[in-house]
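Participant: Assemble the whole structure, with the sequences as input and the hints as a guide.
Note that the sequence shown covers residues 22 to 113 in my numbering.
For the record, the hints were derived by calculation from the structure and aren't laboratory data.
Keep in mind that the hints are not guaranteed to be accurate.
[Claimed, not checked] Taking CB as the label site, the calculated pair distances span:
#1 113 <-> 79: 31 to 39 Å
#2 93 <-> 26: 12 to 20 Å
#3 112 <-> 72: 34 to 42 Å
#4 112 <-> 29: 23 to 31 Å
#5 105 <-> 25: 19 to 27 Å
#6 23 <-> 102: 18 to 26 Å
#7 82 <-> 34: 16 to 24 Å
#8 78 <-> 113: 28 to 36 Å
#9 111 <-> 46: 19 to 27 Å
#10 111 <-> 23: 19 to 27 Å
For glycine and all other residues, C-beta sits at the position ideal for the given N, C-alpha and C.
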Amino acid sequence: MKYLSVEEAEKLPGLRIALTRGVPGPWGMAARAIFELKKIAFQAVEQVPAGENEALRRWTGQNSAPCAMLDDERPRAHWSELILLAERLAPE
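Facilitator: Written as structure tokens, this is what we have:
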């Protein structure tokens, strides 16, 4: 999977999801699976495990992952918000 830097991702439209790079964390894997299962395209954004992630904190208000950003909407990090976003983008 290709990861964008926060600085690259901030400039792009569409769905961007901050995921922990190099570590298969359960929450990130679950978030990724939800969007992939629904065939929703997204760009992965790098979150460094145990790093300060200052750029991510500045952009999203937090330094953890997963966190989804859609266009200029507010960031979504809670599991229920991620599911509702996926359902809104690809309702069944």
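Participant: Work down the list of hints and note, for each, if the structure agrees.
Facilitator: Hint by hint, here is what the structure shows:
The supplied range of 31 to 39 Å is met by residue 113 and residue 79, whose beta-carbon atoms lie about 35 Å from each other. Between residue 93 and residue 26 the beta carbons are some 19 Å apart, a value that agrees with the proposed interval 12 to 20 Å. Checked against the given bound of 34 to 42 Å, the beta carbons of residue 112 and residue 72, roughly 36 Å apart, stay inside it. At about 30 Å, the CB distance of residue 112 to residue 29 agrees with the hint of 23 to 31 Å.
Separation of residue 105 from residue 25 is about 24 Å and conforms to the stated range, judged on CB atoms against 19 to 27 Å. About 25 Å separates the C-beta atoms of residue 23 and residue 102, a value consistent with the hinted range of 18 to 26 Å. The hinted window of 16 to 24 Å between residue 82 and residue 34 holds, with their beta carbons roughly 20 Å apart. At roughly 34 Å, the beta carbons of residue 78 and residue 113 sit within the given window of 28 to 36 Å.
For the pair residue 111 and residue 46, the supplied restraint of 19 to 27 Å holds, since their beta-carbon distance comes to about 23 Å. Against the hinted window of 19 to 27 Å, the Cβ-Cβ separation of residue 111 and residue 23 comes to about 22 Å, which satisfies the hint.
Consistency with the previously given hints is maintained throughout, with no hint failing.
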